[in-house]
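Chains as they are written, first to last, in the working numbering: chain A, 1 to 234; chain B, 1 to 234.
For the record, the hints were derived by calculation from the structure and aren't laboratory data.
Be aware that one or more of the hints could be misleading.
Identical chains blur together in the list; that is why a pair holds if it fits in one copy or across any two.
Listed below are the simulated SDA-like cross-link pairs for lysine to any residue, each with C-alpha atoms no more than 25 Å apart in a straight line [claimed, not checked]: (1) LYS11 <-> GLU64; (2) LYS55 <-> GLU171; (3) LYS48 <-> GLU201; (4) LYS232 <-> GLY150; (5) LYS48 <-> PRO85; (6) LYS133 <-> SER178; (7) LYS46 <-> ALA72; (8) LYS55 <-> THR167; (9) LYS232 <-> PHE200; (10) LYS11 <-> VAL38; (11) LYS55 <-> THR4.
For clarity, every value in this text was computed on a predicted model and none was experimentally measured.
There are 2 protein chains.
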Amino acid sequence: MAITFYDLSGKDGARFSPFGWRARMALAHKGLEADAMVEHVRFGEKAKIEFSGQKLVPVIKDGETVVNDSWAIACYLEDTYADRPSLFGGEAGRGAARLINDWTNRSINPLVARCIVHDVLLRCDERDVDYFKESREARFGAALEQIQAGREEVLPNLHQALAPIRTVIEEQPFIGGSSPSYADYAPFGTLMWARVSSPFELLEESDPLWAWRERLLDAHGGAARAEPACPKAA
Amino acid sequence: MAITFYDLSGKDGARFSPFGWRARMALAHKGLEADAMVEHVRFGEKAKIEFSGQKLVPVIKDGETVVNDSWAIACYLEDTYADRPSLFGGEAGRGAARLINDWTNRSINPLVARCIVHDVLLRCDERDVDYFKESREARFGAALEQIQAGREEVLPNLHQALAPIRTVIEEQPFIGGSSPSYADYAPFGTLMWARVSSPFELLEESDPLWAWRERLLDAHGGAARAEPACPKAA
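Looking at chain A on its own, in the form it has when it is part of the complex:
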């Protein structure tokens, strides 16, 4: 039974949502991504997911089952496709991944947002530009150009905030160990948000996190690498 995956969509179908990436990597981990039908949902197309009873993507529809929220999607896939490779590696791993998921939201996402939020605006479909600009400027309390200005100065804070990941992957390929787990996908999704929507490079090539990101881009048949990256500034 095919899964329909409702994912946020920008200009030319670019899929940059960090939460969409968590769900997408979870689907890839379970071997379900390639067969999932992808329904692109622009910011202005909330009607497409009205059946889910709320307004946020990602949403998956698996037969008659509808699940929204990237964490709930991961739990649903883990429990429903229990015979496929585990996303969490058991109960203790699930709780720890939940903590890392929330830590990413609180400690990593806001710093990355400050580096790329105006670039995301430029990657929105033109029909969504006004909505994105108004809603994000209201949230941040400043013009998007202004939030993003001086982003080079945010990088040391971001690199420091990522330190707990670095500690782990200096000793092993993934947070999950020899293969990635959902604890990898949560922060990796944030890096994919930047990769797809912004020409600004967040990491230094000498940082072990660079190689970790490369390994995740290659994971599951290069599922993440298949999404076009935003061209780098010349």
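Please build the complex by placing chain B on the supplied structure of chain A, with the hints as guidance.
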């Protein structure tokens, strides 16, 4: 074969080290704590652990095997006593716990230190007071009374820093799920540091973290509750 556990010791044998607590809870989890011989090591008694080739407690000696560093001790116990209840719940859980362990060191411990560091001084054996005062004042660059002054104002930051734990334990008893895992013991050790050395209360009773801490105090036959708490201020 009995394990000898070299743990930091304060006045009257008080055991307040946050890293000592991680090792102690790991031993309790494996059912090894009650039988472990405890060797109290004051700050001024580094000679007692000279055989370990370094100067920091905790250290365990299990037959001929010597292990120092709380994380290394946890991994040693997990691998050596693999037939006992798992500390990590597998490879993915181990990597995620490693991240949470490091996150605790970076994000939680410094805030708690600012709330209790002078109280810890008062709980040191009098032979260690000068050493503790000088080494900590050099590290923090201020008098210990001064660091601790205004600690009430640190609490909102601490409560915010603990938010990723709260997110998890609002949904389940422990980070580990229905029973605690090492991902619980790492931050719990930091709370035990405060409980044993300071009359200052870090948590509010209405905070779900309070009940979580109570559950951890009760875990493994009340292993942590057996250690006398510092009397609360009148």
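Do the hints match the structure? See the list:
Within a single copy, LYS11 and GLU64 get their C-alpha atoms no closer than 30 Å, and across copies no closer than 64 Å, so neither meets the 25 Å cut-off. Taking the closest pair of Cα atoms, LYS55 and GLU171 come within 25 Å of each other only across two copies (23 Å); inside a single copy the shortest separation is 40 Å, beyond that limit. Taking the shortest Cα distances, LYS48 and GLU201 never come within 25 Å of each other, neither inside one copy (33 Å) nor across copies (50 Å). Proximity of LYS232 to GLY150 under the C-alpha cut-off of 25 Å is restricted to the intra-copy arrangement: shortest distance 18 Å within a copy versus 47 Å between copies.
In this homomeric assembly, LYS48 and PRO85 never come within 25 Å of each other (Cα to Cα): the closest approach is 31 Å inside a single copy and 47 Å across copies. Taking the shortest alpha-carbon separations for LYS133 and SER178, neither the intra-copy value of 41 Å nor the inter-copy value of 44 Å comes in at or below 25 Å. With identical chains, the CA atoms of LYS46 and ALA72 are at most 25 Å apart within one copy only, with a shortest distance of 19 Å there and 50 Å across copies. When the C-alpha separation of LYS55 and THR167 is checked against a cutoff of 25 Å, the pair qualifies only between copies, where the shortest distance is 22 Å, while the shortest distance within a copy is 37 Å.
In this assembly of identical chains, the alpha carbons of LYS232 and PHE200 lie at most 25 Å apart only when taken from the same copy (7 Å versus 52 Å across copies). In this homomeric assembly, LYS11 and VAL38 come within 25 Å of each other (Cα to Cα) only inside a single copy, at 16 Å, whereas the closest approach across copies is 64 Å. Taking the shortest alpha-carbon separations for LYS55 and THR4, only the intra-copy value of 16 Å comes in at or below 25 Å, while the best inter-copy value is 57 Å.
Going through the hint list in order, the structure does not satisfy hints 1, 3, 5, 6.
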